[in-house]
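Student: One line per chain: the protein sequences are A and B, in this order.
As numbered in the working numbering, residues 38 to 131 make up the first sequence, in order.
As numbered in the working numbering, residues 223 to 594 make up the second sequence, in order.
If you're looking for bench data, these hints aren't it; they were derived computationally from the structure.
Where hints are given, some of them may not hold.
Calculated Cβ distances over 12 Å to all of chain B for the following chain A residues [what the hints assert, rightly or not]:
{"id": "1", "residue": "A52"}
{"id": "2", "residue": "P71"}
{"id": "3", "residue": "E72"}
{"id": "4", "residue": "T73"}
{"id": "5", "residue": "A95"}
{"id": "6", "residue": "V98"}
{"id": "7", "residue": "T103"}
{"id": "8", "residue": "E107"}
{"id": "9", "residue": "D111"}
{"id": "10", "residue": "R123"}
{"id": "11", "residue": "R124"}
Label-pair distances were calculated between CB atoms; the ranges are [as the list claims (entries may be wrong)]:
{"id": "12", "chain 1": "B", "residue 1": "R436", "chain 2": "A", "residue 2": "G90", "range": "15 to 25 Å"}
{"id": "13", "chain 1": "B", "residue 1": "L556", "chain 2": "A", "residue 2": "E72", "range": "25 to 35 Å"}
{"id": "14", "chain 1": "A", "residue 1": "G106", "chain 2": "B", "residue 2": "R436", "range": "33 to 43 Å"}
{"id": "15", "chain 1": "B", "residue 1": "A582", "chain 2": "A", "residue 2": "G90", "range": "48 to 58 Å"}
For every residue, glycine included, the Cβ atom is placed at its ideal position computed from N, Cα and C.
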Amino acid sequence: MDSTTVSGVDKPRLARHVRLTFNRARQQHVLLHPETVVVLNGSGADILGLCDGRRTVAEIVAELGTRYGEVHDDEVRRFLTRLVARRCVELGDG
Amino acid sequence: MDSPFGLLAELTYRCPLACPYCSNPLNMADYTDELTTDEWRRVLAEAGELGVLQCHLSGGEPLLRRDLVDIVATAHNRGMYTNLVTSALGLTRPRAERLRAAGLDHVQISIQADEPSVSDRIAGTPSFHRKIEAMGMVKELGWPLTMNVVLHRRNIDHVADILDLAEAMGADRVELANTQYYGWAWRNRDALLPSRAQLDAAETVVRAARDRLRDRMDVIYVIPDYYSRYPKPCMGGWAARQLTVTPNGDVLPCPAAQSLPLPRASVREHSLEWIWARSPVLTAFRGTDWMPDPCRSCDRREVDFGGCRCQAFQLTGDAARTDPVCHLSPDHDLVARAVEAANENSRAHDPPLIPRPHRARIRTPAAPPPRI
């Protein structure tokens, strides 16, 4: 029962019932979901900040590359694949 | 010690429903001195400072609080994800619109079965059609909808139809939670505990539905711990991630913990920060130091945290014992006997269900008999 694997042409966006926010008490970005909280590291928050349903994964990787230099495409896709499996991220049509 | 992620705000124990599986305390009369709006504002502000990110507004029926919109707005303005857990009775269109405007993020509506006669009988009041209407309205207003169903002996055979109903309503999530035996449910345990055959059939249906609905609906299934080999990791550990504030301002690691013989901690007497860090009720079973064997030397002690303290207390009279649900517990026969009774073929008829009252009964000789 394998879940969807995210590819470079997918256009990810946050699921409708999920909110990305910065938590002052913890000084961390978090994803809020009806029953869970996903605490993000800095790069996770950056990736999700670009998931607007218009950019493709390849474009997101390129954008992160201009900010930080080297960005591993497969790491971004793995991160998004995990969040798709948890229904925090949805994929728009390519 | 991390800061808590979630706050369960039990706004009132008053309820228009009378479900016999309710986990509210039996001594409801001790909770009638409800926190005021200002007190809830202060609790929510303190919770935000403490790092709480999710606020579950529950009860009883939270819509019976006239200040619910105000409470939602406060939690929302403190950056919390707000979640209303409701019977939907009282969720009129104007009220729903005001809640939406106040920033309510998510609505969970309970339903007792897939069709009116069974649902209304379990709820103890005609409510099915109003729930269905309210679910439609929640979707119309653009909220994500969770349909909550507590499963037990009297409705678990309907699980396929319940899932069809959730799908037809366009629910984003459906929570099928087997009854946890606290409060009124504990009192009704023998009438509510399903048989193994019932469970096996339900789990087959749930697995198939999960596969079929994977892209459309989250199907959450809470297993009945009486039938599992190991206990549930109750609350993710005692006072590790969540806290509960009861209608009168008591702070607990979970709603059931009111039954334990621990000193009270009230938001009326202390700050939430002090209570979370220092109060006996929240520190009593935090971590693993309190554990006796077999938990102490068990590889799973950080997986299930010894199970549920309230269940251990309820079944053995000692909250520090291993949860008797665990097959390694020296008290496991207490659970095994209940399961055995639920599986007796010769069981001629089920024991009667005792409905929970809608509100606290005043126990004075002069009081009229309660109306159910």
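Student: Of all the hints given earlier, name the ones this structure violates by number, lowest first.
Tutor: Violated hints: 1, 2, 3, 4, 10 and 11; rest satisfied.
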